[in-house]
Amino acid sequence: MLLNKEGKLRKELIQLVSQVEGYNHMSFFKKKSIRSISNSPINESQLLTNDINKNIHSIRDYHCRTEDLMVRELIFNKNICTIFYLDSMVNKDSLHSSVIGPIVETKYGEIQHIVKTTQVKFTSRISDVGSDLLDGFCIILRENNATAISLSVVENTSRSIEEPDNERSIISSHDGFIEDIGTNIFLLRKRVKTPQLKVKYFSVGKLTNTKVSMVFIENLTDKKLIKEVERRIGSIEVDQLLSFGDIEDYIEDNPNSIFPQMLTTERPDRATSYLTEGKILLIVDGSPRIMIVPITFFAFYQSPDDYNSRWIIGTFFRLIRFLSFIVAITFPAIYIAVVSYHSEVLPIGILYSIRVSLENVPFPPLIEAFAMQITLELLKEASIRLPTPIAQTTGIVGGLVIGTAVVEASFVSNIMIVVIGLTAIASFVAPVNEMGTSARLLGFPVMIAASLFGFFGIVLVLMGIFMHLCKLQTFGTPYFAPLAPFKMEDIKDSIVRLSFWKLNSRPTDSKPIYKKQQWRTRGWKNN
Amino acid sequence: MKKKQLLILIILNLFLAGCWDQHLLVNKTFVNGISFDLTEEGKIQATVRSLNIKGKGGGQIEIEDELIYAERPSPVGLSIDIDNMVAGEVDLHQAHIVLIGDELAKKGINQLLEPFYRGKESNITKKIAISKGKAETIISTEIEKSPIAFFILQTIEGAEKATYLPDENILTVWTKILTPGKDIILPYLEKIEPDRIGIAGVALMHGEKFSGETLSKEQSSLLLLLLDQLNVTSRMALVLDQEQEERSIAFFTRKMKRDMEITVDKSGKIICSVDIKMQIEVNSYPQDFKEDLNIKEIEKELSEELTKQANEIITTLLQANCDAFGIGMKISTKHPDLWKKLNWDEEYKNVQIEPKVNVKIIKTGNVY
Chain P
23 MLLNKEGKLR KELIQLVSQV EGYNHMSFFK KKSIRSISNS PINESQLLTN DINKNIHSIR
83 DYHCRTEDLM VRELIFNKNI CTIFYLDSMV NKDSLHSSVI GPIVETKYGE IQHIVKTTQV
143 KFTSRISDVG SDLLDGFCII LRENNATAIS LSVVENTSRS IEEPDNERSI ISSHDGFIED
203 IGTNIFLLRK RVKTPQLKVK YFSVGKLTNT KVSMVFIENL TDKKLIKEVE RRIGSIEVDQ
263 LLSFGDIEDY IEDNPNSIFP QMLTTERPDR ATSYLTEGKI LLIVDGSPRI MIVPITFFAF
323 YQSPDDYNSR WIIGTFFRLI RFLSFIVAIT FPAIYIAVVS YHSEVLPIGI LYSIRVSLEN
383 VPFPPLIEAF AMQITLELLK EASIRLPTPI AQTTGIVGGL VIGTAVVEAS FVSNIMIVVI
443 GLTAIASFVA PVNEMGTSAR LLGFPVMIAA SLFGFFGIVL VLMGIFMHLC KLQTFGTPYF
503 APLAPFKMED IKDSIVRLSF WKLNSRPTDS KPIYKKQQWR TRGWKNN
Chain W
4 MKKKQLLILI ILNLFLAGCW DQHLLVNKTF VNGISFDLTE EGKIQATVRS LNIKGKGGGQ
64 IEIEDELIYA ERPSPVGLSI DIDNMVAGEV DLHQAHIVLI GDELAKKGIN QLLEPFYRGK
124 ESNITKKIAI SKGKAETIIS TEIEKSPIAF FILQTIEGAE KATYLPDENI LTVWTKILTP
184 GKDIILPYLE KIEPDRIGIA GVALMHGEKF SGETLSKEQS SLLLLLLDQL NVTSRMALVL
244 DQEQEERSIA FFTRKMKRDM EITVDKSGKI ICSVDIKMQI EVNSYPQDFK EDLNIKEIEK
304 ELSEELTKQA NEIITTLLQA NCDAFGIGMK ISTKHPDLWK KLNWDEEYKN VQIEPKVNVK
364 IIKTGNVY
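Keeping their order, the protein sequence lines are chains P and W.
Add 22 to a position in the first sequence, counting from 1, and you land on the number used in the working numbering.
Add 3 to a position in the second sequence, counting from 1, and you land on the number used in the working numbering.
Check each hint, because a few of them may be wrong.
Restraint ranges, calculated between C-beta atoms of paired labels, are given here [said to hold, decoys possible]:
1. Met4/W with Thr415/P: 50 to 58 Å
2. Ile335/P with Gln25/W: 55 to 63 Å
3. Glu366/P with Lys343/W: 42 to 50 Å
4. Ile335/P with Asp170/W: 40 to 48 Å
5. Met4/W with Glu456/P: 35 to 43 Å
To be clear about the criterion: a stretch of chain W counts as covered by chain P if any three or more of its residues have a C-beta under 8 Å from a C-beta of chain P, and this derived list gives those stretches [as the list claims (entries may be wrong)]:
6. 21-28
7. 200-214
No lab work stands behind these hints, which were simulated from the structure alone.
By construction, the Cβ of each residue, glycine as well, lies at the ideal position given by its N, Cα and C atoms.
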């Protein structure tokens, strides 16, 4: 009620304002929001003039007279020319050797011909000059000239390419994406050497101006999908975009679902394999994880190692991982259901030991399970951020001290420790960490249902979860493909992993334009 | 607003509904064996062997059994008495065996089985056995050694696999008792002094009542073959008595085929011929090792011996009025007019059952 009133009031106000100012009320808000960020005294579209001093002032004002904006005056063609650069953004060595050095030595000629930088741009707008400065360009202003020359002398400090810690592999390649967007695209291009590989840049965030790039294979990726992703990224109007998580939240279809709808990875081999399936990669400058859209549920249980081991072994491990998903969701719940409703399903031997271990536990099984599950999360959370030597101590305190002492003090039955331990291990099996955590979280509603209705409750919640999975869509493609909708030919590289020579067609969940992906594989056998 | 409240109420109700059926494992007392006896005053005495499990720390479990007795003029209400005597809820799921004393069994077992068959909390695949003498003496054997009921259960299950005992449980017994024209045979247990429990054979039932007649273990084995109830295997040892020289033979029955035919002749006499063809594997045959095994002859001798024994068994069956073959049922379907005229309880004794056993040795294995 209150909200409605407020809304009405606001609408009236907007109408009033738009009448007065002659604005359409939508554009009024847009304008206002832009104004609120770039609060500089310089108009966006103001041009450079012939007066060099005025230009210097304008640029300084544009950058709010920041103190790391350096100015150097030189004489060239017997005229004064001024070099601007942001002290922190440029590489001094290259500034000296490829810009200042040649200008001072040559003295006459055309600047764009004597400098040794890779990129030379002419700009006449102050806002463009300003943003070039932010990108690590140096700007040269000349007397009686209304165009500025931007020269790229960007400082590139990034860490070296390392294997990502959270997606280690045994037999696959050991390189990983880093924080620098250029290096990441380099890693992709190195693997997919085709002119079809297309990179599109977006700049998102009015304050941060974060570079977001969209990488796909032009002739393979569904055009509708490309348009849709472009539309969604283009619609983001925010002040800051700091990491991949932001963009994920902004563009995913079901932000309230517990299942991750974008595969984020730091492994170039994994990213390339999806690229060649006709999916789109999104890279955010400053984050080492890149996003893959659209994705299916089963992709979260695939690992590059599957493809590098024999197909039987790969298939076996895939099936084990799916089992781990089910175990992580249901195992504590099954235990709760058994000890509070269906103890008759237990064989005699186990029945005795469970009964004995429960003897002095004062809590109902649900509380027991919740307490242990939360303890486990606490231990995990505590040891993630601690430096390794202390993290080991947490492991000992958590695993040994709490584990045994809790049982001996009979707060928790030791069978429950076994159950929770197994659940935790099962959830850590998922090759992509997010999915494992999702599975562990999903365990809680199943546990509650189990404590209320026993096996019946478990079935109800699982039905709910699978209904949700079947209904879920990412960028217009089904999330639970190839099981729902069922596609026999896609099973061979999703739930199982058959030999490469059987994978003649691409997975069709992202609707690639060309379905066939290999023609002659074991052709030598026919000759 | 009202709709929302109503929805919340409905959802809350749903959540509450489940807890009604919660039976926490901690609160349960396990019963592992039940016996019923007839006391001298004519009352029914139930003896329940319940488990008393204690943890001794370090994963060690101490299990002690407790005996609980209840007495009532009828079986109804016995369970209430027992429930009152036990701490927590009584859990009958693990009670794998129901023993019935022979005196009580002669009065009928239906009323005893009814609560197990109908109650939702009982294990319907429980084994049921009739004891020689009081059932209580068997269930109270070795009170400190637990759980004796599982020992009995294992004995019975082992015997079922070796085709000494019929594969029956409460469910099958209940349905068979209620089927007219078919009688059952039940395991018959005895206590062997000092502290052993053994299978004495099978008890022959007439309807729901124990006829008092029993068959020995060897006989029951052959009867089960005649009934076409060969389980995994059947082991037999026979003494072949031929011209004073005593020879014994032990063998497994691997496969068998039975032909049963019921004919009614003009005078209304019912003739039932039971032919079985057994394929056996000779296991042990102490003989003159210099001679070769005369398979044909042994087959013939065995067939004759077993046919002779089968005849004895059938005499006992007829005496006990136990229609284990289900002849009555067959007549009721094939000759319904005749069946309506018959008083089967009386008429069964006049049925002529002609068994014929045909043995074929398919393997001699280590006996060559």
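Going through the hints against the structure:
With their beta carbons about 55 Å apart, Met4/W and Thr415/P fall inside the hinted range of 50 to 58 Å. Range check, Ile335/P to Gln25/W: Cβ separation about 44 Å, and the 55 to 63 Å hint is violated. In this structure the supplied range 42 to 50 Å holds for Glu366/P paired with Lys343/W, their Cβ-Cβ distance being about 45 Å. For the pair Ile335/P and Asp170/W, the supplied restraint of 40 to 48 Å holds, since their beta-carbon distance comes to about 43 Å.
Under the hint 35 to 43 Å, the C-beta atoms of Met4/W and Glu456/P, about 39 Å apart, fit the expected range. Figure legend: the stretch 21-28 of chain W, annotated as covered by chain P; annotation consistent (7 residues with Cβ-Cβ distances under 8 Å, at least 3 required). Check on the stretch 200-214 of chain W: 0 of its residues sit with their Cβ under 8 Å from a Cβ of chain P, so the three-residue criterion for coverage is violated.
Checked against the numbered hints above, the structure violates hints 2, 7; every other hint is satisfied.
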